[in-house]
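Asker: Spelled out, the chains give:
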Amino acid sequence: MYITASSTISHQPTFRNKGFSSELIELPQSSDVFHPDYASFIPTVNRRRMSDVLKMAITCTTDCIEQTGRKQPGAIIVGTSMGCNTFTKKFLDKINASKGGLLSPTSFTLSPHNTIAGQISLLLGNHNYNMTHTQNSLSFEQALIDAIMCIKDGCNTVLVGAADEHEGGLYSMDARLNSNDIHHTFGASFFIISTTKPNTPPSIKLIEVGSFGLMIDPIQSINDFLNSNELSVKDIDLVLYSNSHQNTLLELSKFFKETKLFDIQKISGTYFTNSAFAMHFGVDVLLQKEHAFFGQNIKRVLICNNLISENLGLIFLEK
Amino acid sequence: MEDLKNKLKEQIIQELNLEDIRPEDIENSDPLFGNGLQLDSIDALELVVILENNYDVRIPDETVGKEVLYSIDTMAAYIVKNNPAYK
Amino acid sequence: MKLFVTGIGIVSAIGLNVEENFHSLKLSTTGISRSAGYDLMLGEVNLSNDAIIKKYDLPEEDFSRTSLLGLVAAKEAWGEHKIDTQNRTGLISATTVGGLDRMEKYYFRAQQDASFNYLPHMTHDNGQTTERIAKVLGIKGYIGTISTACSSGANAILQGARFIEGGKLDRVIVGGTDPLSLFNIKGFSSLMIYDQNLCKPFDASRNGLNLGEGAAFLVLENEYSISITGSNPLCLLSGWNNSTDAFHQTASSADGKGATLAMTKALAKAKIPAQDISYINAHGTGTENNDLSESVALINVFGNHIPPFSSTKGFTGHTLGAAGAIEAVFCVLAILSDSVLPNLNFSSPIKTTRLIPETTFRSCTNVEHVLSNSFGFGGNCTSLIFSKA
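The listed protein sequences correspond, in order, to chains P, V and F.
Last residue of the first sequence? That's 319 in our numbering, and every number before it is there in order.
Last residue of the second sequence? That's 406 in our numbering, and every number before it is there in order.
Last residue of the third sequence? That's 795 in our numbering, and every number before it is there in order.
By construction, these hints were calculated from the structure, which means they are not laboratory data.
Errors might be hidden in some of the hints.
Unchecked claim - Derived coverage of chain P by chain F (criterion: at least 3 residues anywhere in the stretch with Cβ under 8 Å from a Cβ of chain F; other residues may be distant):
1) 71-85
2) 105-114
3) 121-135
Said to hold, decoys possible - Derived lysine-lysine pairs resembling DSS-like cross-links, with alpha carbons at most 27 Å apart:
4) F:Lys481 x P:Lys152
5) V:Lys400 x P:Lys99
6) P:Lys99 x V:Lys324
7) F:Lys511 x P:Lys94
8) F:Lys408 x F:Lys511
9) P:Lys254 x P:Lys234
10) F:Lys757 x V:Lys385
11) F:Lys574 x P:Lys205
12) F:Lys488 x F:Lys432
13) P:Lys89 x P:Lys152
14) P:Lys197 x F:Lys546
15) F:Lys574 x F:Lys671
16) V:Lys324 x P:Lys94
17) P:Lys152 x P:Lys71
No residue lacks a Cβ here, since even glycine has one placed at the ideal position from N, Cα and C.
Start from the sequences and build out the full structure, keeping to the hints where you can.
Answerer: Right, dumping it as structure tokens:
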């Protein structure tokens, strides 16, 4: 399974910026999304109702479709922790402000979690499989697992991605993660996974994805994952990790003694589906012959998402 | 009547989030649905909400709705007909 | 590979367990009534959060009702199953409300009382409501939550089937749960598709839906899992499909494209010809748009020979994320009892399509294959097929 297109809009200059992984720096304490000019990607008549996260997801989708020239993916799969929270808040505010009169329905119609996937299918006129996974920090990994199943079921291409928006008034990341140093950001990352090998090398393969909920020992789960893929620690060249627990970091360092470890959370900021950002970062690293930070021998990347301490997401990429 | 029509246009632009449209871009007699603004069934509900919450006039059913929501002219005429404050 | 349904559990407006639900279906007794709190027709579950917490001896925490209703149904379905390291087990649930029932409570309170610090309470996401259920059942590993509006419950079942068929799991408990929320009540009312009286699915004078709450779960196993658990198969899950209408965010297309694709491909998956379907549990919300679009889709797929069909939303109300799972349990009961279920509040057919649903609970010689439809916002269309084991 090849990753033939990748696109991210985030708090970093990632959009249509091949090689971004060599340029990025740690996010400052306060930052904002690098929004492209959405007018050139989304017609006004569609754009007018969209919140930021929808515009980001649709734009990334359009970018991916352009990268591959494949107009109709066999499946559209999205992972999102909170869905279109902006619309949820908007409608709650309307309920609150209402003095018993009629309520404006638009924000309600756009509040379901599957609005992102649904709007993509509308944009593309796509009648195929369409799914939305909402398992907090494992939403993207589960979308990827679903994508792999679609490929094995006979799809030639799958559009898969994740998007989350920040609506601080409705959800408290600090309270959920019990961590002090949270820089709450958001982003959208989309990919096309295909059975067709790209014409231009190198080709990046999605090898395997793991989603472990309510697990006790992340290192044990990582070990089991590597074993089931007939891999050892030595086979992994780079680990991109995301976690908010110092203990896990110590354990990871001990386990991956000689592997390069990189804290992707400092680059992406903290949002539940930032493993999608990490995957694009990993793809970008692998596409380069020699990387400014990691050198030239990076062939296998493992994304290790332990943002919520009991949940572990693993994504394994190979050049 | 012109003030009412202008106010309606501003409210429609705001509530339907018609980002790139100004009131002077909307012709009073042009159909709101189909061509032009390309409004849909959800927008129709929003217009019903605008009429009821701002002008205290109700649309009782879809048949009346189709006639009243045809254009700015028909919406304004309906308000004037059904709300004494606008006569 | 055969996929067996070996456990079912349900809580809805017509009963707090499988037996009570079946009894109400047989007697055509609706669970929808005018709610004192909302002055609307609602399918409320007659079980408080406190009662559920006491019943399962849960810690004194601020649980979302999504988790609590889900727990009641999941516990019933799970029954005597145990966790076994040889038997790869997962949990896939579905919800549209998730933690919103808690969120809206604290949010509204904060609007009234500026001194109330509500943010520390705003931690409930969809996934967490499912994790709460997994914790009580002792399930670790693959724990997932699907959220595709009104097709969520059916999609959770579809996911579970694919995990077993794909060799990733041997046993999976799948279903959906949604409590009532002010958000959804106000939302559907704002769309002007809420019937002020009892909903009338497929009736010419239908006026909209009634909302309901509830939860349902099914245990799916492969043969290997059954060799370990010794479970008694209730029926098979033989076909499934998810397709997209791609017409509008909320409305269904006039030609019922998404629904037609979902049903046609589910039949192909099950390798069953359309005429072998014994009964269809329709999505049938009672809205003008859905029931017409679904009728057109039924004609597209079945031509002049539409099997006995009904919507059971006149019993439970539209339970959104739980609907696909609740109705899946009803389909299993139809197979086990060799009966077709009634469509309440029907008097005359839609003029253009003229389809007439079953209006009484009726025994049949043999209910072999049952089709269940669930269609959600975003044009998301799912059909499941259950078959006699």
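Asker: Does each hint hold? Answer for all of them.
Answerer: Against the structure, the hints come out as follows:
| no. | hint | in the structure |
| --- | --- | --- |
| 1 | 71-85 | holds (count 4) |
| 2 | 105-114 | holds (count 8) |
| 3 | 121-135 | holds (count 14) |
| 4 | F:Lys481 x P:Lys152 | violated, 33 Å |
| 5 | V:Lys400 x P:Lys99 | holds, 25 Å |
| 6 | P:Lys99 x V:Lys324 | holds, 25 Å |
| 7 | F:Lys511 x P:Lys94 | holds, 15 Å |
| 8 | F:Lys408 x F:Lys511 | violated, 44 Å |
| 9 | P:Lys254 x P:Lys234 | holds, 13 Å |
| 10 | F:Lys757 x V:Lys385 | holds, 21 Å |
| 11 | F:Lys574 x P:Lys205 | holds, 20 Å |
| 12 | F:Lys488 x F:Lys432 | violated, 33 Å |
| 13 | P:Lys89 x P:Lys152 | violated, 39 Å |
| 14 | P:Lys197 x F:Lys546 | violated, 36 Å |
| 15 | F:Lys574 x F:Lys671 | holds, 23 Å |
| 16 | V:Lys324 x P:Lys94 | holds, 25 Å |
| 17 | P:Lys152 x P:Lys71 | holds, 20 Å |
Violated hints for the displayed structure, listed by number in ascending order: 4, 8, 12, 13, 14.
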